[in-house]
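Engineer: What follows is each chain in one-letter form.
2 protein chains.
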Amino acid sequence: MSELIKQKCEACHVDAPKVSDEELASLMSMIPSWTPIVVDEVMQLQRVYKFKNFKKALEFTNKVAVLAEEEFHHPGILTEWGKVTVTYWTHAIKGLHKNDFICAAKTEELYKD
Amino acid sequence: MSELIKQKCEACHVDAPKVSDEELASLMSMIPSWTPIVVDEVMQLQRVYKFKNFKKALEFTNKVAVLAEEEFHHPGILTEWGKVTVTYWTHAIKGLHKNDFICAAKTEELYKD
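For the record, the sequence lines run as chains H and V.
In terms of our numbering, the first sequence opens at residue 1 and continues consecutively.
In terms of our numbering, the second sequence opens at residue 1 and continues consecutively.
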């Protein structure tokens with residue numbers, strides 16, 4: 001995961017490459033807590049984080065939001081009582097870009113803090 | 001809607017009454033921007049709010065979160081770039097309680113501010 005954390009998201013255009021099947025296997029192994037899901041035929045990365053109450057969940061949401069602005073890569077962040085579900089994908093390419101894995105790894109670090 | 005805004009959420013137990021079909025029609029008419037949805041057989045209230053960027057969306061999320069703690073009734077708040085989706089339902093009764101309509105109306109007021 002440390003390899004991903006060192007990187008920054010790059011600007012992503014409609015013709016940017018989706019991760020290949022080989023890359024996917026390698027990148028997923030770096031973020032084992034995340035699950036690949038498919039929503040409306042778009043592959044996404046998702047992880048549910050648990051917290052002891054709503055306040056703690058909201059604090060995490062705001063941390064993830066700071067990261068999103070820093071990287072200018074914005075996930076879906078579902079805040080609920082005791083739970084935050086973070087979902088990354090790259091809208092421009094309707095799928096997964098390396099940026100998504102970089103941000104997933106950095107989100108993981110925020111949870112450890 | 002003003003009738004709902006004046007009210008506070010009451011403590012809600014497993015045996016609290018769901019809103020009846022008649023009440024539902026009357027309550028929905030007070031919050032016309034909200035849509036009743038059914039997720040896993042549980043009726044919920046949902047509304048998508050649009051914003052000009054991620055920062056504005058996050059600000060709204062935090063406002064809704066303050067309301068949630070004040071009323072001790074916690075919705076799902078999905079924060080995305082330029083968009084916040086708020087979903088209310090009452091977990092304890094697996095459906096809609098008057099509390100959900102009170103909070104939906106108060107959320108609407110937050111958006112107006």
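Keep in mind that the hints are not guaranteed to be accurate.
Identical chains blur together in the list; that is why a pair holds if it fits in one copy or across any two.
Calculated lysine to aspartate or glutamate pairs in the EDC-like style (CA-CA distance at most 20 Å, straight line) [to be verified]:
#1 K6 x E23
#2 K63 x E80
#3 K52 x E71
#4 K56 x E22
#5 K8 x E71
#6 K52 x D40
#7 K83 x D40
#8 K52 x E10
#9 K52 x E70
#10 K83 x E22
#11 K52 x D15
#12 K52 x E22
#13 K56 x D15
#14 K63 x E23
#15 K83 x E70
Calculated directly from the structure, the hints in this document are not laboratory data.
All values reported here derive from a predicted model rather than from experimental measurement.
Engineer: Would you mind marking each hint as holding or not holding in the structure?
Structural biologist: Status of each hint after checking the structure:
Taking identical chains as interchangeable, the C-alpha atoms of K6 and E23 lie at most 20 Å apart only when both belong to the same chain, with a minimum of 18 Å there against 55 Å between chains. Taking the closest pair of Cα atoms, K63 and E80 come within 20 Å of each other both inside a single copy (15 Å) and across two copies (14 Å). Proximity of K52 to E71 under the C-alpha cut-off of 20 Å is restricted to the inter-copy arrangement: shortest distance 18 Å between copies versus 28 Å within a copy. Taking identical chains as interchangeable, the C-alpha atoms of K56 and E22 are never at most 20 Å apart, the minima being 37 Å within one chain and 38 Å between chains.
Taking the shortest alpha-carbon separations for K8 and E71, only the intra-copy value of 7 Å comes in at or below 20 Å, while the best inter-copy value is 40 Å. Taking CA atoms no more than 20 Å apart as the test, K52 paired with D40 passes in neither setting, with 32 Å inside one copy and 25 Å between copies. In this homomeric assembly, K83 and D40 come within 20 Å of each other (Cα to Cα) only across copies, at 18 Å, whereas the closest approach inside a single copy is 24 Å. Taking CA atoms no more than 20 Å apart as the test, K52 paired with E10 passes in neither setting, with 35 Å inside one copy and 23 Å between copies.
For the homomeric pair K52 and E70, the shortest alpha-carbon distance between copies (18 Å) is at most 20 Å, but the shortest distance inside one copy (27 Å) is not. In the homo-oligomer, the alpha carbons of K83 and E22 never lie at most 20 Å apart, since the shortest distance is 32 Å inside one protomer and 34 Å across protomers. For the homomeric pair K52 and D15, neither the shortest alpha-carbon distance inside one copy (42 Å) nor that between copies (25 Å) is at most 20 Å. In this homomeric assembly, K52 and E22 never come within 20 Å of each other (Cα to Cα): the closest approach is 38 Å inside a single copy and 37 Å across copies.
In this assembly of identical chains, the alpha carbons of K56 and D15 never lie at most 20 Å apart, being 39 Å within a copy and 29 Å across copies at closest. In this assembly of identical chains, the alpha carbons of K63 and E23 never lie at most 20 Å apart, being 28 Å within a copy and 40 Å across copies at closest. Taking identical chains as interchangeable, the C-alpha atoms of K83 and E70 lie at most 20 Å apart only when they sit on different chains, with a minimum of 19 Å there against 23 Å within one chain.
Violated hints, in rising order: 4, 6, 8, 10, 11, 12, 13 and 14; the structure is consistent with all others.
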